[in-house]
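Single-letter residue listing:
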Amino acid sequence: MGLIMVTGGASSGKSEFAEKMALEYGGGSVLYIATSIPIDDEMKERIRRHRERRSEKWGIIEAFKGLKNIIISSEKKVILLDCLTVMITNFIMEKDLTGDNLLVDEINDLEGKISDEVDGIIEGALKRVGDTIIVTNEIGMGLVPEYKLGRIFRDIAGRMNMKIAEAAEVVYLTVSGIPIKIKGC
Amino acid sequence: MGLIMVTGGASSGKSEFAEKMALEYGGGSVLYIATSIPIDDEMKERIRRHRERRSEKWGIIEAFKGLKNIIISSEKKVILLDCLTVMITNFIMEKDLTGDNLLVDEINDLEGKISDEVDGIIEGALKRVGDTIIVTNEIGMGLVPEYKLGRIFRDIAGRMNMKIAEAAEVVYLTVSGIPIKIKGC
Amino acid sequence: MGLIMVTGGASSGKSEFAEKMALEYGGGSVLYIATSIPIDDEMKERIRRHRERRSEKWGIIEAFKGLKNIIISSEKKVILLDCLTVMITNFIMEKDLTGDNLLVDEINDLEGKISDEVDGIIEGALKRVGDTIIVTNEIGMGLVPEYKLGRIFRDIAGRMNMKIAEAAEVVYLTVSGIPIKIKGC
Numbered sequence: 001m002g003l004i005m006v007t008g009g010a011s012s013g014k015s016e017f018a019e020k021m022a023l024e025y026g027g028g029s030v031l032y033i034a035t036s037i038p039i040d041d042e043m044k045e046r047i048r049r050h051r052e053r054r055s056e057k058w059g060i061i062e063a064f065k066g067l068k069n070i071i072i073s074s075e076k077k078v079i080l081l082d083c084l085t086v087m088i089t090n091f092i093m094e095k096d097l098t099g100d101n102l103l104v105d106e107i108n109d110l111e112g113k114i115s116d117e118v119d120g121i122i123e124g125a126l127k128r129v130g131d132t133i134i135v136t137n138e139i140g141m142g143l144v145p146e147y148k149l150g151r152i153f154r155d156i157a158g159r160m161n162m163k164i165a166e167a168a169e170v171v172y173l174t175v176s177g178i179p180i181k182i183k184g185c
Numbered sequence: 001m002g003l004i005m006v007t008g009g010a011s012s013g014k015s016e017f018a019e020k021m022a023l024e025y026g027g028g029s030v031l032y033i034a035t036s037i038p039i040d041d042e043m044k045e046r047i048r049r050h051r052e053r054r055s056e057k058w059g060i061i062e063a064f065k066g067l068k069n070i071i072i073s074s075e076k077k078v079i080l081l082d083c084l085t086v087m088i089t090n091f092i093m094e095k096d097l098t099g100d101n102l103l104v105d106e107i108n109d110l111e112g113k114i115s116d117e118v119d120g121i122i123e124g125a126l127k128r129v130g131d132t133i134i135v136t137n138e139i140g141m142g143l144v145p146e147y148k149l150g151r152i153f154r155d156i157a158g159r160m161n162m163k164i165a166e167a168a169e170v171v172y173l174t175v176s177g178i179p180i181k182i183k184g185c
Numbered sequence: 001m002g003l004i005m006v007t008g009g010a011s012s013g014k015s016e017f018a019e020k021m022a023l024e025y026g027g028g029s030v031l032y033i034a035t036s037i038p039i040d041d042e043m044k045e046r047i048r049r050h051r052e053r054r055s056e057k058w059g060i061i062e063a064f065k066g067l068k069n070i071i072i073s074s075e076k077k078v079i080l081l082d083c084l085t086v087m088i089t090n091f092i093m094e095k096d097l098t099g100d101n102l103l104v105d106e107i108n109d110l111e112g113k114i115s116d117e118v119d120g121i122i123e124g125a126l127k128r129v130g131d132t133i134i135v136t137n138e139i140g141m142g143l144v145p146e147y148k149l150g151r152i153f154r155d156i157a158g159r160m161n162m163k164i165a166e167a168a169e170v171v172y173l174t175v176s177g178i179p180i181k182i183k184g185c
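Residue numbers (UniProt numbering), protein chains in the order written: chain A, 1 to 185; chain B, 1 to 185; chain C, 1 to 185.
Because the hints were derived from the structure by calculation, they are not lab data. In this text the structure is predicted, and so the values were computed from the model without any measurement. Among the hints, a few may not be true.
Unchecked claim - Just so you have them, the derived chain C footprint on chain A, three or more residues with Cβ under 8 Å: (1) 10-18; (2) 69-81; (3) 133-142; (4) 145-158.
To be verified - A short, non-exhaustive set of chain B residues, derived as facing chain C with CB atoms under 10 Å: (5) Leu102; (6) Ile107; (7) Ile152; (8) Ile156.
Beta carbons are placed, not taken as given, at the ideal position from N, Cα and C, and that holds for glycine.
Take these sequences, add in the hints, and give me the full structure.
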């Protein structure tokens, strides 16, 4: 049924807000899809902070691919996907791209794969009975990155955000912990 | 007559939104002022994506200086300038500044020149009968740049955005493809 | 009495807006707390621009620590603190951290100290009879910084912004010089 998007800057309260919503709508019946893979201490600390806030009853899946099937087949009231930007990062890291010598065709091919995954997420979310909350990041309001891969990532992430926002019923932008409804009523 | 500003992060849908507005208000009678100069493959790809979306009937001028006269003398219903931030970049690149050894006077001199150009754009837009849509970027919501030229650029771009916004009748901020009206009614 | 927060990107008009509010509410009875320390020409130029805009009657204190007592003991109608982000930067610079070899415990310890200072500011502001205006920065909407200290700083700054925003009666986000009220009525 409902697709809800929560976007915002780093440490702007987007995950906290999305988790509160998930708890309110789903109670203990929530599937949390974590797209990040803990590879170092910093990441583990980040994930620990996230984990502390979540209900123990929630189901958890760590994945960043094939999410359409996971979303469709879940019988939880609410699905909370946190977050889209890390999912995109994983797609890019998987290809082990260095950036500087990337050809236009390779970039478009990579974006095509990510775009297919995002289309699947949207399709899955719209087919479900329960709500699907997708957390993502605003990353395009700084200076132009000096390195090519940064610019490519920024553009792809921005375009994927637009796709989700277009399909979503409600979109929130969090600023300093304040959720601002920018789409829906 | 009307000056409309569209600002937003990278790949946040600001150009798409501005182009839709231009088409709606001007139909085929639009002058598109492109401030960016294609110097490499990446830029060409970026410009190609832009071009694909535009009407073939629109007039196109590639320029980032002397825009006041271009704006005043055009008889098109709508002028769409995309974008202010690249215009500022070109002013900076033209002076071939390295940044680190820049003196305060040189910086203020550079900002003075850019400021004069922006004043001219505003004056031209307010004198015209038709609408003028100016696209620009939010670039100040990341960390402080490590290099001096980045900080200077960020400050100048921010101050020019403020000038345009103050003169504009309507200002939109696009976030994930959603235009949020932040000034005007 | 009233705690008012003004956040925004670099050169987005947040200081100008906060100063106008301070003048309107406090007239000449304003205490300006400057958290930045002029260490080079660039900083001096920045401070000079700020200074030009302020009333000569205002009291000025340069400090980034022990602000609770300064806030409580001031008899001025309005206190204007500009800005929180530089205050946090000073805490980090004082410890002379290099970032890469920082342990999780050291980081949490640093955040604890900053958090105590922020709690003191909030407590002071809520105890006062007059208004307290706090200026801060949105720094989390760019790409993930490549260096660890940048990521740590960004997270701490974001969390401190959330604390202030939660305690504040009114919160403004400035974009291109336009203040958008995102909390309060």
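Here is what the structure says about each hint:
1. 10-18: holds (count 4)
2. 69-81: Answer violated; 0 residues pass the 8 Å Cβ test.
3. 133-142: With 5 residues in contact (Cβ-Cβ under 8 Å with chain C), the coverage given for the stretch 133-142 of chain A holds.
4. 145-158: holds (count 4)
5. Leu102: With a closest approach of 9 Å, the Leu102 (chain B) hint holds.
6. Ile107: Result: holds, 8 Å to nearest chain C Cβ.
7. Ile152: holds (8 Å)
8. Ile156: Hint holds; Ile156 (chain B) Cβ to chain C Cβ min 8 Å, cut 10 Å.
The structure shown violates just one earlier hint, number 2.
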